[in-house]
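**Student:** Sequence:
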Amino acid sequence: MLNTFKLSKSYGDRVLFRDLTISLANRQRIALIGANGSGKSTLLDIISGETSADSGTVSKSKNSTIGYLKQEIVQSSKESLIAYVLKESSDLSDLRNKIDQNYELLSSETDSSKRDQILGEAKHLAATLEASDLSGREHQAKEILSGLGFKSTDFARPLREFSGGWVTRALLGQLLFLNPDILLLDEPTNHLDLEANIWFEKFLLSFSGAVIFTSHDRTFLNQVATMILGIEPEGVVSFKGNYDDYLLSRTQSLQAREAAARRQDREIQKQMLFINRFRSKARKATQVQSRIKQLEKVERIELPRATKRVHYSFPKPKRSGQEVITLQNVKKSYGDNVVYRELNLTFSRGDRVALVGPNGAGKSTLLKMLAGVLPPDDGYRKIGHNVTSGYYAQYLLDLLREESTLLEEVQGVAKGESETNMRQILGGFLFHGDDVRKRISVLSGGEKARVALAKLLVQGSNLLLMDEPTNHLDIASREVLADALNDYDGTICFITHDRTLISQVANKVIEIDNGVAAVFPGNYEGYLYRKEIRGSRVSSEKYDLLANVVTNADVQETGSNSRRSFKEGRRRDLKKQERQARTRADTINATLNGIEAEISEMETLFSAPSQFNDAQDLMSLGEKYKKLKSKAQSLWDEWDVLSTEADEINAQLDEMEEIAP
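In case it helps, the numbering used here puts the sequence shown at residues 2 to 662.
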């Protein structure tokens with residue numbers, strides 16, 4: 002469907018990629034990965050025809066169409082959202098023009114064979130146009146827009162009333178509706194919430210065309226990609242499979258390259274010993290020169306840098322009270338739009354809360370009220386004993402002092418901390434060596450975000466409130482952020498659409514929907530499980546309702562059969578719920594066994610404190626011990642709920658067996 006052959010692109014002395022060849026087929030989904038600035042967006046521009054390569058070619062099948070979603074915010078329009086999505090693509094407009102041109106040629110052509118040729122081509126173009134006709138497909142456009150998070154009341158609104166992120170969603174909806182043969186998507190999930198993200202994944206998995214996309218969302222990469230194309234410093238690497246498969250393969254490849262590099266170094270050292278030893282011996286001159294020439298021809302094996310787990314030494318925040326922050330009977334409105342009424346929430350020390358829910362549900366409003374930057378209309382906010390909070394939002398990037406160095410910016414909020422420790426922390430945020438002397442003015446958006454996050458974590462707050470901290474961050478930076486948050490000793494509440502970060506950090510999930518805050522203790526996987534169970538229960542209630550309707554409406558044999566089939570459906574559904582609950586409980590139990598074994602080892606160590614070299618080691622282990630105990634308690638609570646739930650479902654099944662007809 003689409004092929005690139007030996008594409009190369011450079012900017013000055015900087016080579017983005019060289020001799021890049023891709024063969025793209027239907028239902029293939031290629032993920033482009035690489036650090037910010039590695040050339041991913043440039044490659045998409047070249048494939049789309051917006052930019053030319055220095056060398057190489059791009060070819061695609063005849064009549065195949067391309068849809069391209071760029072990162073830049075598109076211009077708003079006076080037309081309505083639905084009209085914008087239904088708007089005919091330039092490809093279809095060109096098709097209509099070609100048909101008109103053919104009929105003009107037909108009217109003036111006298112040669113019968115040429116007339117037949119023109120007429121045949123016109124018929125083919127007309128058939129293509131008819132297959133692409135947008136009339137009567139408004140319902141499909143609305144389904145796509147709903148999947149992307151738009152409400153039915155949004156369809157008639159002018160596009161210019163929407164924010165930039167929603168306009169980008171509208172453009173994505175238009176591309177999906179036009180159903181091109183090839184989709185080029187540059188960070189398509191940047192403006193999607195969790196619900197829209199999951200819907201979009203399912204859409205791409207069923208998409209019959211081909212997709213090339215970039216994303217910093219690790220879960221999205223794993224769910225969607227069938228092939229990874231990594232633009233790495235050592236060259237372009239392709240791999241069939243998803244992102245985690247690629248990382249595993251890359252690790253194994255790196256280990257093989259390291260072994261090869263060690264062998265090569267040993268061989269070079271051996272040759273150099275010979276050269277140095279016999280350089281001055283006339284009778285060995287020929288052999289020495291031969292070995293020097295061999296060494297000059299050796300292509301040295303370059304080892305790529307790998308992001309490793311970093312352990313941070315953040316300034317120790319003060320210990321807060323058990324109740325960190327409370328919202329009681331809170332109300333909040335924007336004009337006629339009531340976001341919250343009678344909202345009650347309490348965060349406890351050690352909570353790591355992820356706020357989830359569709360865009361516009363009120364997550365950022367809640368976070369701002371927690372941070373004290375937005376007052377509630379009614380009710381009150383109570384800060385716990387000894388609590389100091391830090392708030393992260395995108396506008397903080399604009400508050401960085403352009404003339405400051407990275408080190409000066411971070412030291413400005415970490416009073417009394419040594420330069421060595423600040424350098425180590427900045428190193429953990431991927432700023433190494435002389436990078437710390439760079440001015441803020443020369444940093445990219447992603448680099449500024451890392452500096453702002455480092456500042457937040459070193460200022461000694463014991464409550465962090467973070468609104469989309471992964472924006473502007475690539476995959477390596479997101480891994481760094483997860484490491485930092487896991488090493489942070491305090492309470493966290495954050496909003497992100499990065500499911501990997503939620504899985505790695507959160508021990509509690511709060512779902513915001515229609516002004517209601519539903520609390521789910523446990524990690525993100527537990528939250529997804531509870532959501533699935535809740536959906537299953539709704540199905541079970543429908544079974545009961547339908548069975549009663551059938552029974553009341555008809556007591557004849559057909560009604561009895563219908564009732565029996567409904568009860569059987571209910572029984573199957575309950576068995577599924579019980580199986581899910583017990584499976585989840587077994588998984589938690591296995592995790593608990595590992596944690597409790599580790600806790601037991603620590604308690605043995607604590608019984609002989611003389612084994613520790615210094616008080617700092619003992620204190621560090623003590624902090625880890627407290628975190629493990631807290632995690633174990635949280636898992637025990639969830640296990641208890643699940644076990645009780647499974648027993649209750651089993652009792653319902655026994656009761657159904659006793660009264661079965």
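Possibly wrong hints are sitting among the right ones.
Here are the simulated lysine to aspartate or glutamate pairs, EDC-like style, with alpha carbons at most 20 Å apart [said to hold, decoys possible]:
(1) Lys632 / Glu599
(2) Lys317 / Asp182
(3) Lys632 / Asp475
(4) Lys383 / Glu324
(5) Lys632 / Asp488
(6) Lys532 / Glu196
(7) Lys449 / Glu480
(8) Lys449 / Glu512
(9) Lys632 / Asp490
(10) Lys143 / Glu122
(11) Lys628 / Glu649
(12) Lys99 / Glu73
(13) Lys577 / Asp587
(14) Lys88 / Glu139
(15) Lys576 / Asp484
(16) Lys7 / Glu51
(17) Lys203 / Asp182
(18) Lys332 / Glu343
(19) Lys369 / Asp379
(20) Lys632 / Glu597
(21) Lys317 / Glu599
(22) Lys61 / Asp46
(23) Lys630 / Glu602
(24) Lys576 / Asp490
(25) Lys88 / Asp46
(26) Lys628 / Asp490
(27) Lys625 / Glu403
(28) Lys627 / Asp488
(29) Lys449 / Asp484
Using C-beta positions, here's what the derived DEER-type ranges look like [as the list claims (entries may be wrong)]:
(30) Asp245 / Asn330: 17 to 27 Å
(31) Ser207 / Arg264: 39 to 49 Å
(32) Ser601 / Glu526: 20 to 30 Å
(33) Ser147 / Gly373: 54 to 64 Å
(34) Ala633 / Lys383: 27 to 37 Å
(35) Gly13 / Glu233: 17 to 27 Å
Derived from the structure by calculation, the hints contain no laboratory data. The C-beta atom is built at its ideal place from N, Cα and C for all residues, glycine as well.
**Student:** For which of the previously enumerated hints does the structure constitute a violation, in increasing order of number?
**Tutor:** 2, 3, 8, 10, 11, 12, 15, 21, 24, 25, 27, 30 and 33
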